[in-house]
Amino acid sequence: MAIYRSHVLVCGGTPCLLKGARTIRDLFQQEIDRYQMTDEIRVVETGCLGPCDEGPVVIIYPEGVMYSRLQPADVPKIVENHLYKGRVVEELIYKEGKAGREQSGPPGVTLEGEKYLDRQKRVVLRNCGRINPDSIEEYIANHGYKALGKALTELRPEEVVQMVIDSKLQGRGGAGFPTGLKWSFTAKTQADRKYIVCNADEGEPGTFKDRLIMEGDPHSIIEGMAIAGYAVGAEEGIIYIRGEYQLSIERMARAIRQANQYGLLGKDIFGSGFNFQIQIRSGAGAYICGEETALLESLEGNRGEPRVKPPYPGVAGLWGKPTVVNNVETLANIAPIILNGPAWFRSIGTESCPGTKVFTMLGDINNQGLIEVPMGITLREIVYEIGGGIPGGKGFKMAQTGGTSGGCLPMEYLDLPMDYDTLAKAGSALGSGAMLIIDDTHCIVDVLKNFMRFFCHESCGKCTPCREGNPRLYEILTALSAGTATQAQIQLMKDLARTMQLTALCGLGQSAPNSLMTCLRFYADEIAEHLNGECPTGVCKSLATKSEAV
Amino acid sequence: MKSLADLEKIREEARRMTELREEKEQTKVIIGMGTCGIAAGARETMKAILEEINKRNLTGVTLTPTGCLGLCEQEPIVEVDIPGQPRIIYGKVTPEKARQIVAKHIVNNNIIGEWVIGRK
Ligand SMILES: Cc1cc2nc3c(=O)[nH]c(=O)nc-3n(C[C@H](O)[C@H](O)[C@H](O)COP(=O)(O)O)c2cc1C
Ligand code: SF4
Ligand code: FES
Chain P
1 MAIYRSHVLV CGGTPCLLKG ARTIRDLFQQ EIDRYQMTDE IRVVETGCLG
51 PCDEGPVVII YPEGVMYSRL QPADVPKIVE NHLYKGRVVE ELIYKEGKAG
101 REQSGPPGVT LEGEKYLDRQ KRVVLRNCGR INPDSIEEYI ANHGYKALGK
151 ALTELRPEEV VQMVIDSKLQ GRGGAGFPTG LKWSFTAKTQ ADRKYIVCNA
201 DEGEPGTFKD RLIMEGDPHS IIEGMAIAGY AVGAEEGIIY IRGEYQLSIE
251 RMARAIRQAN QYGLLGKDIF GSGFNFQIQI RSGAGAYICG EETALLESLE
301 GNRGEPRVKP PYPGVAGLWG KPTVVNNVET LANIAPIILN GPAWFRSIGT
351 ESCPGTKVFT MLGDINNQGL IEVPMGITLR EIVYEIGGGI PGGKGFKMAQ
401 TGGTSGGCLP MEYLDLPMDY DTLAKAGSAL GSGAMLIIDD THCIVDVLKN
451 FMRFFCHESC GKCTPCREGN PRLYEILTAL SAGTATQAQI QLMKDLARTM
501 QLTALCGLGQ SAPNSLMTCL RFYADEIAEH LNGECPTGVC KSLATKSEAV
Chain R
1 MKSLADLEKI REEARRMTEL REEKEQTKVI IGMGTCGIAA GARETMKAIL
51 EEINKRNLTG VTLTPTGCLG LCEQEPIVEV DIPGQPRIIY GKVTPEKARQ
101 IVAKHIVNNN IIGEWVIGRK
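So the sequences go chain by chain: P and R.
Numbering follows this note's numbering, with no gaps: position 155 of the first sequence is 155.
Numbering follows this note's numbering, with no gaps: position 43 of the second sequence is 43.
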């Protein structure tokens with residue numbers, strides 16, 4: 001293994017690949033060869049570096065200089081000046097929100113670009129963008145598989161479960177259920193077979209964190225699953241990956257092969273007598289298949305419809321056997337917890353909600369992309385410091401947290417700490433970590449219509465409140481935007497939403513009205529204006545804008 | 001994989017590959033790569049240093065080029081920056097001298113006084 005003087009890490013996350021990162025990577029190699037620096041400089045494809053919107057992104061070590069929005073013509077410049085002559089190419093360096101910053105932003109604020117990275121805390125994304133995801137050696141170099149080794153050789157299964165309980169880790173797939181508690185149910189249940197299922201279906205619109213974790217650090221998920229298997233007494237793991245995620249599937253498959261070659265999966269791992277295998281299944285392509293019991297149905301070859309709970313999967317899951325279903329991000333937290341201890345984990349984030357959260361930021365925000373921040377950070381910090389504010393000098397209207405199933409938070413809630421408990425109290429949800437920022441040119445009714453259309457489409461139809469409720473809600477919203485809705489219909493909407501929240505069979509129907517409910521509360525005035533035939537933003541074309549109406 | 005010790009062995013070996021991406025204080029070797037430096041043979045000097053680092057399996061050392069240092073007649077110029085020590089600048093560093101700087105200064109911490117042209 002040769003030592004190189006410099007590494008060029010080219011982001012190989014899907015967003016960057018779509019913008020031509022492979023061409024950039026090949027050009028780097030070509031230019032480096034041309035300058036006869038092949039033995040001096042290594043080009044490495046890595047996982048998402050964060051600012052996906054600014055892709056293709058490249059980071060050069062040992063200096064740690066990040067270049068963004070690279071065009072093929074930029075590569076020879078960087079190779080000649082930076083790599084050959086040691087002069088950083090200032091004009092190509094990543095600055096936060098390049099697009100937005102050109103129009104706004106006071107001069108002299110040079111620290112902004114650093115804020116994007118400084119405010120972040122990387123636990124889940126510890127290796128993402130730092131290692132080559134296709135190299136198990138690089139994962140091991142960064143303490144990979146040490147937590148598994150420690151668990152298998154030094155800890156009893158109950159001790160591992162206890163550590164996860166003590167860490168207070170909550171599931172990152174949406175519901176925020178305590179992971180240690182979940183594991184303890186499965187550990188306690190006697191059965192001849194048990195399963196660990198990694199939920200990588202990620203159907204939530206605007207969420208792509210699990211994809212980028214799998215692409216950037218597949219071994220962290222394998223390690224988390226194997227530890228979970230040891231803790232609860234399961235020898236089989238299944239990763240259910242959304243079918244469209246081809247690159248995730250490829251990288252996970254390669255990582256599993258490598259782990260098998262090294263004896264980190266398979267029989268008698270670390271000489272402990274513990275066996276563990278992992279298989280990959282590709283998802284059936286419906287949002288509902290991410291719901292854990294629908295996922296299990298889908299794995300069994302059935303139509304992906306939710307089961308009635310209880311029994312919960314922890315006790316009777318896949319093929320009726322005790323099954324732990326955990327999200328990708330949840331599992332990526334496990335190895336650091338085992339390695340550094342629960343107290344370390346609790347020192348990050350808030351008391352009731354420790355650790356970090358990975359968010360995908362989208363919508364009307366300067367820095368779109370992937371971030372990881374401590375729990376409890378405020379919306380304001382995310383939007384204005386890390387996110388670089390709203391582009392085009394427009395105002396903040398609302399943030400939808402938790403994806404389409406989450407809720408909407410208005411301006412007054414900008415200082416709310418972001419964690420599972422606090423957001424639930426505010427009527428929203430942290431959910432899987434999708435963060436949609438909406439500026440003040442958007443109309444609430446129009447936005448809600450879009451959300452409800454999604455649920456009409458994705459409802460599986462198994463239970464009445466959801467199958468019938470979503471289309472009715474959509475109809476009323478359509479009437480509102482056409483100016484034909486009545487006050488009575490607003491009340492009907494509230495009753496319907498309430499009924500769905502209380503009686504729908506699964507999380508989809510129960511949470512579908514969340515955004516609507518929060519908006520009815522926070523934007524009552526704007527809704528009332530629609531009843532009066534006015535749309536203040538002018539988005540609803542059949543209505544008058546306020547100025548015209550006056 | 002039979003034990004944590006086995007894993008540690010692989011880790012030691014693999015770490016050499018990724019160490020340069022870690023945020024920690026490392027010994028820095030900086031070499032002037034302006035036009036004058038390149039003309040004076042700085043590329044060859046740099047290659048010699050990298051070869052020596054590889055041969056000796058040195059860890060915790062980074063090697064980076066930098067722009068012209070403004071002392072053109074002293075090129076190739078090599079600066080050695082060991083954390084906690086004054087930075088030493090060597091002038092007219094041929095590949096052969098470079099190898100000795102690695103051996104004596106970086107490995108054994110003995111500054112080669114006669115080639116030093118500056119300290120910071
Ligand atoms: C409609 C619906 C879709 C869901 N989609 C996902 C998903 O894509 N990925 C995921 O991890 N959890 C999803 N969940 C949550 C899962 O049911 C389950 O709570 C989660 O996988 C448990 O893992 P955790 O405890 O690690 O969060 C979804 C839930 C519902 C109701
Ligand atoms: S709530 Fe909706 S998605 Fe869930 S089971 Fe009922 S119809 Fe299907
Ligand atoms: S995919 Fe390249 S920065 Fe996210």
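Some hints here could point you the wrong way.
Stated by the list, open to error - Chain P regions said to be covered by chain R (calculated; three or more residues, Cβ under 8 Å):
{"#": "1", "region": "146-155"}
{"#": "2", "region": "255-268"}
{"#": "3", "region": "403-413"}
Read the hints as simulated data drawn from the structure, not as lab findings.
For each residue, glycine too, the CB sits at the ideal point set by N, CA and C.
Hints, verified against the model:
no. : hint    : verdict
1   : 146-155 : holds (count 4)
2   : 255-268 : holds (count 3)
3   : 403-413 : violated (count 0)
Hint 3 alone, counting from the list given before, is not met by this structure.
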